[in-house]
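As they're listed, the protein sequences go chains A and B.
So for the first sequence, my numbering puts the first residue at 9; every next one is plus one.
So for the second sequence, my numbering puts the first residue at 9; every next one is plus one.
Since the hints were made in silico from the structure, they are not lab data.
Source: prediction; values computed, not measured.
Take these hints with a grain of salt, some might be off.
Chain copies aren't distinguished; within one or between two, either way the pair holds.
To be verified - Okay, derived cross-link-like pairs now, SDA-like style, lysine to any residue, Cα gap no bigger than 20 Å in a straight line:
hint, residue 1, residue 2
1, Lys168, Asp84
2, Lys99, Glu31
3, Lys47, Lys65
4, Lys178, Asn76
5, Lys126, Thr43
6, Lys25, Ser89
7, Lys142, Glu130
8, Lys32, Phe104
9, Lys126, Asp197
10, Lys181, Ile141
11, Lys25, Arg36
12, Lys214, Ser203
13, Lys47, Lys58
14, Lys154, Lys182
15, Lys24, Glu55
Protein chains: 2
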Amino acid sequence: MTGYPDSVLNLIESFKKLPGIGEKSAERLAFAVITDMEKDDVESLSEDLKKVKNNIKHCKICNHITENEICNICNDKSRDSKTICVVEDPKSVIMFEKLAVYNGKYFVLDNLISPLDKIGPEDINIENLINRIKNEEIDEVILAIKPTIEGETTSLYILKLLEEINISNKSDKKLIVSRIAHGIPLGVDMEYIDSLTLELALQDRKKVS
Amino acid sequence: MTGYPDSVLNLIESFKKLPGIGEKSAERLAFAVITDMEKDDVESLSEDLKKVKNNIKHCKICNHITENEICNICNDKSRDSKTICVVEDPKSVIMFEKLAVYNGKYFVLDNLISPLDKIGPEDINIENLINRIKNEEIDEVILAIKPTIEGETTSLYILKLLEEINISNKSDKKLIVSRIAHGIPLGVDMEYIDSLTLELALQDRKKVS
């Protein structure tokens, strides 16, 4: 006997399925739904949840989340279609788009290679990237994957595949493959930098005079 | 242009209506709905939200939240129906029930008196409590309202009303009115106690030998 009506108990259990929501937070949210929120807002939340789960799929071209067959970014004619930025998940695309520093196209991997989790090279959706490179006019592929063990393994694997394409490519025009720079972020105290980042920053040092 | 499909943007906005959920948390929750959560769990959350908002009403007797006309606690014949504990909101009832230290009935106020917020004695649902005291066989009313300015004002107001009932009551049996004790909680370092609590703890001191 907890004093809660059944429907409130169910709602609390449902809220607890969301990440970072424990018992106390779920109770607080349930009370907000009962007492503080407008009925319209609750209805909207309820509908939006269902719509997102039912309507969101992956773009046939770049694998980013979309409501249509092809996402807005792939459909955008004003963007540079000769550059593909390879990222590890849709969140990365959102982050790039928010910061508005890139105007090319994307390719979203399904996973990063991780033998411990039994995720091999065949599970990362790489064929679609290779097909795009073979069939579209691509000048450059930018690898923008986080520099963890899984990320680096995946980057190296993709790099090797793309080198093979370049070797078997008989034309003069070779595909450029680049990697985003890893190093010290701006505005950060040097004492808080981890050793791997510092090592990468030293390796990738630039001659300035 | 944020890179989000419209339905995801809508869901993020809806999540932000919940208390304590800002932009970043809402985005994280939306991504969890898209990628991590089972479809069934999302459907349940969606349905539970609607059910709670549509079905939860207030008990006709005690004003606690319930799905029926009368709540489970008021319907429970095994409870002591001669004692009413007056609390400020349904959350307090839940808290009492969880700690399982009280076996009487409850009465939930609509508000605490707060002149600054234009909440007067007529807005706290006090008539229903008075009617219960006049019509049921009540031995004791326990005031369990938090000791803030609004809480104390409300407690004093209710105390005065109940004294008037006792004065006009011609029978020998008088209504007992009590207040939960305020003081130092167990297991707390004295240095962290605020002055108001310490003052109440001194005022309510008990002779022990």
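Right, here's what the structure says about each hint:
1. Proximity of Lys168 and Asp84 under a CA criterion of 20 Å is satisfied in neither setting, with 30 Å inside one chain copy and 72 Å between copies.
2. Taking the shortest Cα distances, Lys99 and Glu31 sit within 20 Å of each other only across copies (14 Å), while inside one copy they are farther apart (27 Å).
3. When the C-alpha separation of Lys47 and Lys65 is checked against a cutoff of 20 Å, the pair qualifies only between copies, where the shortest distance is 13 Å, while the shortest distance within a copy is 29 Å.
4. In this homomeric assembly, Lys178 and Asn76 never come within 20 Å of each other (Cα to Cα): the closest approach is 37 Å inside a single copy and 77 Å across copies.
5. In the homo-oligomer, the alpha carbons of Lys126 and Thr43 lie at most 20 Å apart only across protomers (19 Å), although the nearest pairing inside one protomer, at 47 Å, exceeds that limit.
6. Taking the closest pair of Cα atoms, Lys25 and Ser89 never come within 20 Å of each other, the shortest separation being 39 Å inside a single copy and 38 Å across copies.
7. Taking the shortest Cα distances, Lys142 and Glu130 sit within 20 Å of each other inside one copy (18 Å), while across copies they are farther apart (77 Å).
8. In the homo-oligomer, the alpha carbons of Lys32 and Phe104 lie at most 20 Å apart only across protomers (15 Å), although the nearest pairing inside one protomer, at 35 Å, exceeds that limit.
9. Taking CA atoms no more than 20 Å apart as the test, Lys126 paired with Asp197 passes in neither setting, with 38 Å inside one copy and 51 Å between copies.
10. With identical chains, the CA atoms of Lys181 and Ile141 are at most 20 Å apart within one copy only, with a shortest distance of 13 Å there and 92 Å across copies.
11. Taking the shortest Cα distances, Lys25 and Arg36 sit within 20 Å of each other both inside one copy (15 Å) and across copies (13 Å).
12. For the identical chains of this complex, Lys214 and Ser203 are intra-copy neighbours only, at 19 Å inside a copy versus 62 Å across copies, given an alpha-carbon limit of 20 Å.
13. In the homo-oligomer, the alpha carbons of Lys47 and Lys58 lie at most 20 Å apart both inside one protomer (17 Å) and across protomers (9 Å), since each shortest distance falls under that limit.
14. Taking the shortest Cα distances, Lys154 and Lys182 never come within 20 Å of each other, neither inside one copy (26 Å) nor across copies (74 Å).
15. Taking the shortest alpha-carbon separations for Lys24 and Glu55, both the intra-copy value of 19 Å and the inter-copy value of 15 Å come in at or below 20 Å.
Of the numbered hints given earlier, the model fails hints 1, 4, 6, 9, 14; all others are met.
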